[in-house]
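Starting from the structure of chain A, add chain B where the hints point.
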Amino acid sequence: MNEYLAPLWISFKTVLVTTAITFVLGIAAARWISRYSGKLKPVIDGAFILPLVLPPTVVGFGLLLLLGKHGWIGHPLSLIGTTIVFSWPATVISAAVMAFPLMYMTARGAFEQVDTNIEDAARTLGASEWRVLYSVTLPMAWPGVVAGTILCFARSMGEFGATLMLAGNIPGKTTTIPVAIYFAIVDGNMKEAVYLMIIVLCIALASLAALAYLKKPKPRFRALTVNPVPNNMLYTSGKKDSHIN
Amino acid sequence: MLNWFLRKNNWRTLLSTGVIALALITASCSNTTTSTTVTTSPKTTTTTAQPVTLNVLAASSLSNVLKAINTAYTQANPNVTISLSTGASGTLQTQIENGAPSDVFLSAAIANMDNLQKDNLIINSTRKNIVDNTLVMVVPNDSTLGLTSFNDLTLSKVTKIAIGDPKSVPAGTYAQKAFDELGITAQIQSKFILGANVTQVLTYVTGGNVDVGFVYSTDALSSNQVKVVANAPADINAQIVYPEAVIQGSQDPDVARAYLNFLSSDQAKALFLQYGFTMAGS
Chain A
227 MNEYLAPLWI SFKTVLVTTA ITFVLGIAAA RWISRYSGKL KPVIDGAFIL PLVLPPTVVG
287 FGLLLLLGKH GWIGHPLSLI GTTIVFSWPA TVISAAVMAF PLMYMTARGA FEQVDTNIED
347 AARTLGASEW RVLYSVTLPM AWPGVVAGTI LCFARSMGEF GATLMLAGNI PGKTTTIPVA
407 IYFAIVDGNM KEAVYLMIIV LCIALASLAA LAYLKKPKPR FRALTVNPVP NNMLYTSGKK
467 DSHIN
Chain B
11 MLNWFLRKNN WRTLLSTGVI ALALITASCS NTTTSTTVTT SPKTTTTTAQ PVTLNVLAAS
71 SLSNVLKAIN TAYTQANPNV TISLSTGASG TLQTQIENGA PSDVFLSAAI ANMDNLQKDN
131 LIINSTRKNI VDNTLVMVVP NDSTLGLTSF NDLTLSKVTK IAIGDPKSVP AGTYAQKAFD
191 ELGITAQIQS KFILGANVTQ VLTYVTGGNV DVGFVYSTDA LSSNQVKVVA NAPADINAQI
251 VYPEAVIQGS QDPDVARAYL NFLSSDQAKA LFLQYGFTMA GS
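Chains as they are written, first to last, in our numbering: chain A, 227 to 471; chain B, 11 to 292.
Chain A on its own, in the form it takes in the complex (with noise of 0.2 Å):
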């Protein structure tokens, strides 16, 4: 029984500390490269999208390189006593890299959608950056800010060949799911595959079915996305229609 109980528990760890990570350096990075218009634009966005493209193996190894006992990141930290690879925060930091290009790029297509005019007219009424963030903008492009959520909570629950690099099979510590599923198979021991991939299906068609209800529109924004506030009643300086007041 501990053989399930063990992987569900750090599984379970795991994906809700990476979910809160993603969740909030997401946002951050999509409202920061919408912001930005300097000319290394192409590359810092390329640069978030990266561990989408390659294949984890590579993204686990690039880590093991960053932060292992002769790396850049790992080596001063070794001589503090500390070492990021083979525990649990690994499992973190590898799940995290490999879902944060989902969480990016699904904000950052959702606050494009948002209307900056409505923004600015909240920051005419006095409202600060946050206030705007936290009032206006989120909550015009919170379906897309869910879907993603959901997408890296999904990619985090399943992510296994850099976790595999980094975190290593440390049973009680760092065997997640996918990493115990795998395990199992290599060992021969079937059936203890099978239970794992029941209780995993079950999570995913789960997270799924969340995403196609969170992904309606509620009804407290539907004045916000189906009326928007018409053009020529906002103060627009500087683009069209300026002429109207």
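Examples of chain A residues toward chain B, derived with CB under 7 Å:
{"no.": "1", "residue": "294"}
{"no.": "2", "residue": "295"}
{"no.": "3", "residue": "311"}
{"no.": "4", "residue": "312"}
{"no.": "5", "residue": "394"}
{"no.": "6", "residue": "395"}
{"no.": "7", "residue": "396"}
{"no.": "8", "residue": "412"}
{"no.": "9", "residue": "413"}
{"no.": "10", "residue": "414"}
With a straight-line cut-off of 16 Å between C-alpha atoms, the simulated EDC-like cross-links for lysine to aspartate or glutamate are:
{"no.": "11", "chain 1": "B", "residue 1": "128", "chain 2": "B", "residue 2": "107"}
{"no.": "12", "chain 1": "B", "residue 1": "201", "chain 2": "B", "residue 2": "162"}
{"no.": "13", "chain 1": "B", "residue 1": "177", "chain 2": "B", "residue 2": "190"}
{"no.": "14", "chain 1": "A", "residue 1": "295", "chain 2": "B", "residue 2": "152"}
{"no.": "15", "chain 1": "B", "residue 1": "177", "chain 2": "A", "residue 2": "418"}
{"no.": "16", "chain 1": "B", "residue 1": "279", "chain 2": "B", "residue 2": "142"}
{"no.": "17", "chain 1": "B", "residue 1": "138", "chain 2": "B", "residue 2": "124"}
{"no.": "18", "chain 1": "B", "residue 1": "187", "chain 2": "B", "residue 2": "245"}
{"no.": "19", "chain 1": "B", "residue 1": "177", "chain 2": "A", "residue 2": "413"}
It is worth saying that the hints were derived from the structure and are not from the lab. All C-beta atoms, glycine included, are put in the ideal place defined by N, C-alpha and C.
For chain B alone, kept in the frame of chain A given last:
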């Protein structure tokens, strides 16, 4: 004519027809047997022109020595191409049980060969012990922990121990047996990092991210980035024997037999000894 290509519906029909055709072709391809059976004389080591691919499944620890031996074999038998697949003996056993194409199996443990024999998956008359090995405790070259024996594993300064997964990697099984014998398993269990095969365990040690690892002496010999600090107990080392056999479902059993004979030849023996193995029964 051009208008035909401009209609989207026609592209759709074209695409779906293409996909269906492709599916039918691949389905029919997989049904036909693609192996070429050796139709010439039943004697082994013939110099027929029939090209043969031999699928050799071998324990990871044999990877380096078999590459050298296979080069020698294919020089002597140019019509044979050897496809070498290495991994943990338990993993390979599972693959063979599930029908992976294989002609020869070289295991690092008697148990895996016994399991295949029990299910009648090997040609019993070809089964033979080929080499022996010993289990050693290795640390990274720059290790400052000063470990000298298996019992040092219980010290608190040892936080990460790399061993093969005892359920599928013989090196891990042997290490586990040694720990059980010394009565230290319960104390050190939480420090284990399980590798999928013994080569991965070696890589963990050379990478410097673990404190200590358990590999074969041949693996330690193959790397200049680790040092051996202790040997397994003699009775454990005495159990480390590598059996070989031809797989029952082999498409080229005669060539497989010839290959196994070559492994017992003087040329192969010299290579085994060079890589640190000892011949079985010696």
